[in-house]
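Trainee: Spelled out from the first residue to the last, the chains are:
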Amino acid sequence: MQKTDTRNEGAVNHPSAEEWMEFLYGEMPAPRRRELGGHLAQCPICSAQLKSWRTGMSALDEWKLPVIRPATHGGQPILKWAAAAAIVLCVGFLLGRQTSNAASELAALKASVTRIAETVERDREVNAMNTVDEATAAAQAEVVRLLADYTHAAEAVRTEDRRTTALALRQLESRLGRLRAELETVAVNTEGSFQQTQEGLASLASMAVSPGTKPDSHQ
Amino acid sequence: MGRLLTALFAPSDEQLMWRVKLQDDAQAFARLMTRWEKPIQRLCLRMTGDVHRAEDLAQTAFTRVFTRRADWEPTGKFSTFLWRVALNLCHDELRRQQRRGESSLDALDEDNDAGADNFAADEPPPDAQAAASERGEFVRRALATLAPPYREVVVLRHYEDLKFREIGEVLGIPEGTVKSRMAEALTQLSQLLKHVNEEESCKRPTLETRAL
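Top line first, the protein sequences correspond to chains Z and C. Residues in the first sequence are numbered consecutively from 1, following this note's numbering. Residues in the second sequence are numbered consecutively from 1001, following this note's numbering.
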């Protein structure tokens, strides 16, 4: 592995590897770039290092990607439109050979290609929308699941509340029963007291009448 | 002219994502997908080396962005958010491949073989084209041997043309670290690939005899 840190060999200050990366990828301000260019012309060490890095960069450019088809579901629409394109082109070509000169043939072919390109583009947009629809459906399913969880949780809370309320009502009823029994006892006792008082008053009244008869007998 | 005007007045990625976040605007999301579909596919392909997985990963990335739209901060760039989601998926895929003992090179070989067969069936490629294809194959193999932290920096800087500062934001690392990783990656690549340039006009050893 080659050294990539800032180097200071003898009296020469070499730019750091980070600075050389800015230099190589054009992210360096012009004045500093000129300075590094001057250093590069005089420094065989940095020149060799940069040559090595440029080898890597130019090699990277060799990797050309294959044509990536647009993201579709299964790729069937593209195949379908490719087949349609081939058929239309063949038919157009044959018809053109039979009926037209070279210019009109070319114009017809161009028109066919344009129409097919438009159709493919529309199809691609529809596929993109389908992906969005799927994502929306997934999001909605998630919302429904969360709502179901919430409903279950709320139902559990309500059941617990009902159970607590029923228990409290039973306790209240029991206390009311005891209170009613005590009130009845008090009422019975009070009635007995009234009767005793009444009897007492009657006997007092009879005693009051008896002394009144004695004076009459003395006369 | 019409295209220029459309581009000038087109809503920014952030404006579209804002609509997606607040109003679940499917059309706005479709426009974002149209803009970013290919770059994300390219990123996944360069990272995994597998065309079919790259397509799946790109679709998963967009689905994930939509389901996590509430996590997007309007103060940040949409592209940073999207690159990060896609890169995380690529890392997950690379870890899965590693656990299964797979190599992305296997898939590459299959794809390339199939591609070569199809090409050969139509018309033999010119020599220059064949040589370029072979050099590209070397690069793919070399890039796959780089550790993911180096590979992702190479892909984002060299192929997707992000600035070092932007890469730092995507990866959540200092800009200086990005540059030093880039230098290290180029050093490793140049060592792995120097014979590709050196032997361009000489006899070229076969893939099997070149140890990468």
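If you're looking for bench data, these hints aren't it; they were derived computationally from the structure. Treat the hints loosely; a few may be bogus.
[As the list claims (entries may be wrong)] Computed far set for chain Z versus chain C, every beta-carbon distance over 10 Å:
hint : residue
1    : His39
2    : Leu60
3    : Ala139
4    : Thr151
5    : Thr165
6    : Leu176
[Claimed, not checked] With a straight-line Cα cutoff of 30 Å, these simulated DSS-like cross-link-like pairs (lysine-lysine) come out:
hint : chain 1 : residue 1 : chain 2 : residue 2
7    : C       : Lys1021   : Z       : Lys64
8    : C       : Lys1038   : Z       : Lys110
9    : C       : Lys1038   : C       : Lys1163
10   : C       : Lys1077   : Z       : Lys51
11   : C       : Lys1021   : C       : Lys1077
12   : C       : Lys1021   : Z       : Lys51
13   : Z       : Lys64     : Z       : Lys51
14   : C       : Lys1077   : C       : Lys1038
15   : C       : Lys1163   : Z       : Lys64
16   : Z       : Lys51     : Z       : Lys110
[Stated by the list, open to error] Part of the chain Z face toward chain C, derived, beta carbon under 8 Å:
hint : residue
17   : Met21
18   : Lys64
19   : Leu65
20   : Thr136
Where is the CB? At the ideal position from N, CA and C, for every residue including glycine.
Trainee: Does the structure break any of the earlier hints, and which numbers would those be?
Mentor: 2, 3, 7, 10, 12 and 16
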